[in-house]
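Asker: In case you want the letters, here they are:
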Amino acid sequence: MVDRLVPRGTVHPMAWWGWAFGIAIATTKSPGAVSTGLLIAAVVIVVAVCHGDSPFARAFPAYLALGAMIVLIRVVFHILVGIKGGSGFVVSLPRIPLPDWTGGIELLGPVSVSGVAAAATAGLALAALLLCFGAAIALTDPQRTLRSLPASLHLLGTATVIAMTLAPQLVESWQRVRRAQALRGQRVRRLHAASATTSPVLQDALERSLKIAASMDSRGYARMRAGGSALVPVLTITALVGAALGTYALMDGASPRWLSIPLLAGGAVAAVLGSMMASRRIHATRYRPDPWGLRETLITGSGMAVAALALFGPTGGSQGAAGWSAVFLLCAVVAAAPIPIVVAP
Amino acid sequence: MRDSGPAVPLGAHTTLALVLATGVGILAFTWPLLVGRGSLLDHNASAPVLLGVVLLGVLSVVLIALGEGGIDAKAIAMLGLLASVGAVLRPLSAGSAGIELVFLFIVLGGRVFGAGFGFALGSITLFASALLTGGLGPWLPFQMLAASWIGMGAGLLPRRMRGRLELAVLAGYAAVCGFLYGQAMNLSFWPFTLGPGTALSFYPGAPLGENLQRFAVFSITTSLGWDLMRAGVLAVGVVILGRRTLDALRRTARLAAFSPAPGAGGNRDDGARVRDDTRS
Amino acid sequence: MTAAGIIQLDHVEFRYPNSSHPVLHDVTLAIPEGELCLVIGPTGSGKSTLLQLVNGLAPHFTGGQLTGTVTVDGRDTRLHPPRDLADLVGAVGQDPVAGFVTGRVDDELAYGMEQLGLPDSVMRTRIEEVVDLIGLEAVRHRPLSELSAGEQQRVAIASVLTSHPRILVLDEPTSALDPTGAEEVLAAILRLVHDLGITVLMAEQRLERVIQYADSMVRVGDDGAAHSGSPAAILEGSPLAPPIVELSRLAAWESQPRSIRDARRLAGPLRDRLRESLSLQSAGPTSGADGSVALRTEGLRVRYGAVHALAGVDITLRAGELAAVMGRNGSGKSSLLWALQGSGVRSGGTVLVYDTTLDSGAQVSTRPGRRQAGVDPRTLAPDEAIRRIALVPQNPSDLLYLDSVLAECRAADRAAGAAEGTAATLLDRLAPGLPESRHPRDLSEGERLALVLAVQLAGQPAILLLDEPTRGLDYDAKRRLGEVLKELAAIGTAVLLSSHDVEFVARTADRVLVLARGELLTDGPAQEVLTASPSFAPQVAKILRPLPLLTVDAVRAALVEGK
Chain A
86 MVDRLVPRGT
96 VHPMAWWGWA
106 FGIAIATTKS
116 PGAVSTGLLI
126 AAVVIVVAVC
136 HGDSPFARAF
146 PAYLALGAMI
156 VLIRVVFHIL
166 VGIKGGSGFV
176 VSLPRIPLPD
186 WTGGIELLGP
196 VSVSGVAAAA
206 TAGLALAALL
216 LCFGAAIALT
226 DPQRTLRSLP
236 ASLHLLGTAT
246 VIAMTLAPQL
256 VESWQRVRRA
266 QALRGQRVRR
276 LHAASATTSP
286 VLQDALERSL
296 KIAASMDSRG
306 YARMRAGGSA
316 LVPVLTITAL
326 VGAALGTYAL
336 MDGASPRWLS
346 IPLLAGGAVA
356 AVLGSMMASR
366 RIHATRYRPD
376 PWGLRETLIT
386 GSGMAVAALA
396 LFGPTGGSQG
406 AAGWSAVFLL
416 CAVVAAAPIP
426 IVVAP
Chain B
1186 MRDSGPAVPL
1196 GAHTTLALVL
1206 ATGVGILAFT
1216 WPLLVGRGSL
1226 LDHNASAPVL
1236 LGVVLLGVLS
1246 VVLIALGEGG
1256 IDAKAIAMLG
1266 LLASVGAVLR
1276 PLSAGSAGIE
1286 LVFLFIVLGG
1296 RVFGAGFGFA
1306 LGSITLFASA
1316 LLTGGLGPWL
1326 PFQMLAASWI
1336 GMGAGLLPRR
1346 MRGRLELAVL
1356 AGYAAVCGFL
1366 YGQAMNLSFW
1376 PFTLGPGTAL
1386 SFYPGAPLGE
1396 NLQRFAVFSI
1406 TTSLGWDLMR
1416 AGVLAVGVVI
1426 LGRRTLDALR
1436 RTARLAAFSP
1446 APGAGGNRDD
1456 GARVRDDTRS
Chain C
148 MTAAGIIQLD
158 HVEFRYPNSS
168 HPVLHDVTLA
178 IPEGELCLVI
188 GPTGSGKSTL
198 LQLVNGLAPH
208 FTGGQLTGTV
218 TVDGRDTRLH
228 PPRDLADLVG
238 AVGQDPVAGF
248 VTGRVDDELA
258 YGMEQLGLPD
268 SVMRTRIEEV
278 VDLIGLEAVR
288 HRPLSELSAG
298 EQQRVAIASV
308 LTSHPRILVL
318 DEPTSALDPT
328 GAEEVLAAIL
338 RLVHDLGITV
348 LMAEQRLERV
358 IQYADSMVRV
368 GDDGAAHSGS
378 PAAILEGSPL
388 APPIVELSRL
398 AAWESQPRSI
408 RDARRLAGPL
418 RDRLRESLSL
428 QSAGPTSGAD
438 GSVALRTEGL
448 RVRYGAVHAL
458 AGVDITLRAG
468 ELAAVMGRNG
478 SGKSSLLWAL
488 QGSGVRSGGT
498 VLVYDTTLDS
508 GAQVSTRPGR
518 RQAGVDPRTL
528 APDEAIRRIA
538 LVPQNPSDLL
548 YLDSVLAECR
558 AADRAAGAAE
568 GTAATLLDRL
578 APGLPESRHP
588 RDLSEGERLA
598 LVLAVQLAGQ
608 PAILLLDEPT
618 RGLDYDAKRR
628 LGEVLKELAA
638 IGTAVLLSSH
648 DVEFVARTAD
658 RVLVLARGEL
668 LTDGPAQEVL
678 TASPSFAPQV
688 AKILRPLPLL
698 TVDAVRAALV
708 EGK
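Residue numbers (the numbering used here), protein chains in the order written: chain A, 86 to 430; chain B, 1186 to 1465; chain C, 148 to 710.
Bound conformation, chain A alone:
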């Protein structure tokens, strides 16, 4: 764990998530592999320059690997069970019909370049989507993001903070108990040993959790203001009803398309309002909160701009596997905008 001051130049985590979200939306509209590649390149460069110090930043290459695996899986599945046809035959693998109960599927078959390329392109788009998540995680320290959670989610936030505090202690406790159990001089079988080690570790951990709770209580955890809580249940139920109806409308082909968005949006608004009211009831404040300044607005703005360009920009340029468009070139450039914002003093 790097031992350093909390850097004053930390960007608010939500800004990066907003940026990543915008780019993720753009990847779903990408016309082809080259455009996606441009976006991926922009994302990777931003991460390389702006990443934080946490272990998650070091895990970013794992996301790259995961993305590559997705492309590979798509290609493999295409070769195995894909619906063949297209131009540019590469290799003609024999068709292997499967038994009838599978519904008449045939394995393998003639593999074509365009087929493989189409599968790879689709896989690449998904990989780009995943990379946006990975980038957001690498750029923000999830532990600090936890601190930015609204107070209404104190159940999740506090429990997770405790979980992260206790986890290394659990590991150390398990090692200690294992060492101590060996002192008893019993030749224990593996399974018996596992059960024998669990009991002290768990008991210790449970007692510890009670002590943490006592410490939290003594220091004033969950002091609440009086009044005003009748509205929160109503808002939460409204939000959930909106979500349910909206999801149903999303999936139902028969209902008009424009119905789902307002329902979901309405639910979201109710949720946010409910969260705000619940947060206001809780007395707690935050030490050194991450400020939301011009930098954060610009970063999120760049992400939103990319999304807007992708969704509403003129479609043009070539389609297909090698497709790219000028719009997406612009998208990639805008996506890389956070670099000068963050690096500039």
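One thing to keep in mind: the hints can contain errors.
Unchecked claim - Pair ranges (Cβ atoms, derived):
1) C:G181 - B:A1197: 44 to 54 angstroms
2) C:T272 - A:T382: 24 to 34 angstroms
3) B:I1211 - C:R271: 27 to 37 angstroms
4) C:L337 - B:R1439: 35 to 45 angstroms
5) C:D589 - B:V1354: 25 to 35 angstroms
6) C:D342 - B:A1197: 46 to 56 angstroms
7) C:V492 - A:A133: 21 to 31 angstroms
8) B:V1424 - A:R143: 32 to 42 angstroms
9) C:S494 - A:L178: 24 to 34 angstroms
10) A:R371 - C:V492: 39 to 49 angstroms
11) B:V1354 - A:R143: 38 to 48 angstroms
Don't read these hints as lab results, they were simulated from the structure.
The beta carbon of each residue, even a glycine, is placed where N, CA and C say it ideally should be.
Given chain A's structure and the hints, the job is docking chains B and C onto it.
Answerer: The following block gives chains B and C in isolation, referenced to the frame of chain A:
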């Protein structure tokens, strides 16, 4: 030895919230089978991401509702502890994203502390373990909801069982949950993995039987082995560790004496009255 | 009889749930503002409960029934749960590390203020103040797991100070610390009392360090009654007394001194008398240094990665010897004991365990024809090892995993190949009257240590190693432990324990080894080593310097012989 009072109390509106959330969840998990042609999701293989965002919102709202109900610091500490146990065990589980052993303590915790606790425990465990082991991605809301269902279900099992019967039922429950979890995750991410152009892909709007058959083939060939292994590991885990864990948890539940925090009001039965300074 | 005080208890009776008898019975006391009040009492009495009553944790957190009134600065704790009292009372529990909610020092310092809803600017100011007050500048941005025990205790105190409480409630703040750490913590606490006027209510087992600073004391008895008064009054009739008080009783001084300096002023005549009687005696160590060699290590090295815990240590342990290893926290004491037992890390050097016969007739040797050759304990199988060399780890409850005392004893008998009931008999001698069916987790610290000792001694090993056995024990339990260890040494067991409890070592050990940074600094008879070292000298030695007397019993014996 009576089980303690609910650590996470479930009132009328929290129960309704859980029911609604379950409804949305069922829609979200089975979306390939239900989606109709012409809807927003049909040709978009990144639909799970969109649904994931919706689920994340739903889970947040439910957690807000549960937190509103006045939760003891002890319950939160217990949640944090059991979540950390699950998080520590996750890297030890082999197999698809290493989930097996994580569910073990969710089941046991939900059994001892009740359905509301089990639901919260599922979400928090998956969330914390994703943060600790870096497995964050669009599948996380689905995992959180599935784990929450598993915890909630464990809390809804008949309460009076003890001894070997209890262990047997819990082992069976855990095995079934482990298996279904794999199938459910496959189902929701089926189009994500395969894409539209293969013989095993889903057709939006196609008859249910057809889609189901295709899914069955896909699922059996890709993950049946993992799912069966997960079910087996969970059952064995309950049998080996279950007795001691249940005893330890029950003992702590007895010592902890969960009580309603302000916000839920109510008197205590130990002679000390807490002034209800929130609602009038 | 209740004078006004910032903390007032009025006919308070407290009973835990599922408990038949009250832990505190008809307690009435008042603690004035700005005092350092010490709470003493045997383990298992209501000390911690009393502290929790002030803070509101009892009954709101722990459950249970409270009769009577507890008023803290005018607020009735019945109506105010702990969170409402958080701005008034700061409480640190017995295990400060277990109470840490976050992972870093500055987050932990801010936590209390966050929960109280203070604005960010106020939080920053207060953190700076507290860091200066307690002296945490060096460790401010470090993760909590990297701090020493003394630093962790200070961070825990600092983190409750940030809410500017008027009362501070501390449960055994110095009992787990080495002398230096304890001095730092005490200095910080005193600064709070004297400079800031905070009322400090402190429970403490190791009275010798704190007694000079206490303004008043409260004694809680086994029956649940509590008496408060000046230190002199409370200590007068109390069986738990630090050596300085016992010495003053023995020497019949007119006023009871509480600090070493006061005692030295009064001790002039006593010193003269003792000088005379000592010169008439023949000096001679009474250790079992003539016994056969039980354990020998040469060049012992222990390395964890880049850290050298032990850098070449040579020790010879003889049968019948009671030796103590002392040193600061982190000097390598635990590593030494684990390496000697065989299951710890050993990066170099040799350890050999020899066959010795115990006086009880139990023949330990199992290898015919190899009587003088030593065996490396690392090569022994677990069930053989337990019959030759036993270790009681720092946290004895790590060893216990069964549901009842009886089950543990039976398992121990089986593991050691001993006759059924050996461990149970041993346990009865160590902690008489322990019900067999009790869950080991429900036992007190002393009882748990007794159980683990019985379990480890079931194989009647010739060598016994103990890692910090005195942690959490009260005077009574320590006394009994000392007696048991002496008995074991008398029948021929070689005992090596590590401790930083100077008084216990002075009373029990014949030989003291001092480790610092992995090297053996001193190794000699207890009398010489303890009187020579300023930080490890017991109270009696400090008062009667330069006479080589360590304990009140030794003084008594010297006086008797002198007549």
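Asker: If you check the beta carbons of R371 of chain A and V492 of chain C, does the distance land in 39 to 49 angstroms?
Answerer: holds, 43 angstroms
Asker: Taking the beta carbons of I1211 of chain B and R271 of chain C, is their distance inside 27 to 37 angstroms?
Answerer: Once the Cβ atoms are compared, 49 angstroms apart, the range 27 to 37 angstroms for R271 of chain C and I1211 of chain B is violated.
Asker: Regarding D589 of chain C and V1354 of chain B, is the given constraint of 25 to 35 angstroms on their beta-carbon distance met?
Answerer: Roughly 29 angstroms apart at Cβ, these two residues keep to the hinted range, so it holds.
Asker: Does the hinted range 38 to 48 angstroms hold for V1354 of chain B and R143 of chain A at CB?
Answerer: For V1354 of chain B and R143 of chain A the Cβ distance comes to about 43 angstroms; the hint holds.
Asker: Can you tell me whether the CB distance of V1424 of chain B to R143 of chain A sits inside 32 to 42 angstroms?
Answerer: Once the Cβ atoms are compared, 38 angstroms apart, the range 32 to 42 angstroms for R143 of chain A and V1424 of chain B holds.
Asker: Is 24 to 34 angstroms a correct range for the gap between the Cβ atoms of T272 of chain C and T382 of chain A?
Answerer: holds, 30 angstroms
Asker: Is 35 to 45 angstroms a correct range for the gap between the Cβ atoms of L337 of chain C and R1439 of chain B?
Answerer: holds, 41 angstroms
Asker: Between V492 of chain C and A133 of chain A, is the Cβ distance one that fits in 21 to 31 angstroms?
Answerer: With a Cβ separation near 40 angstroms, V492 of chain C and A133 of chain A fall outside 21 to 31 angstroms, so the hint is violated.
Asker: Is it true that D342 of chain C and A1197 of chain B lie within 46 to 56 angstroms of each other by Cβ?
Answerer: The hint (46 to 56 angstroms, Cβ to Cβ) holds, given that D342 of chain C and A1197 of chain B are roughly 54 angstroms apart.
Asker: Starting from the hint 44 to 54 angstroms, judge whether the C-beta atoms of G181 of chain C and A1197 of chain B obey it.
Answerer: holds, 51 angstroms
Asker: Is 24 to 34 angstroms right for how far apart the beta carbons of S494 of chain C and L178 of chain A are?
Answerer: violated, 59 angstroms
Consistency with the previously given hints fails for numbers 3, 7 and 9, ordered from lowest to highest.
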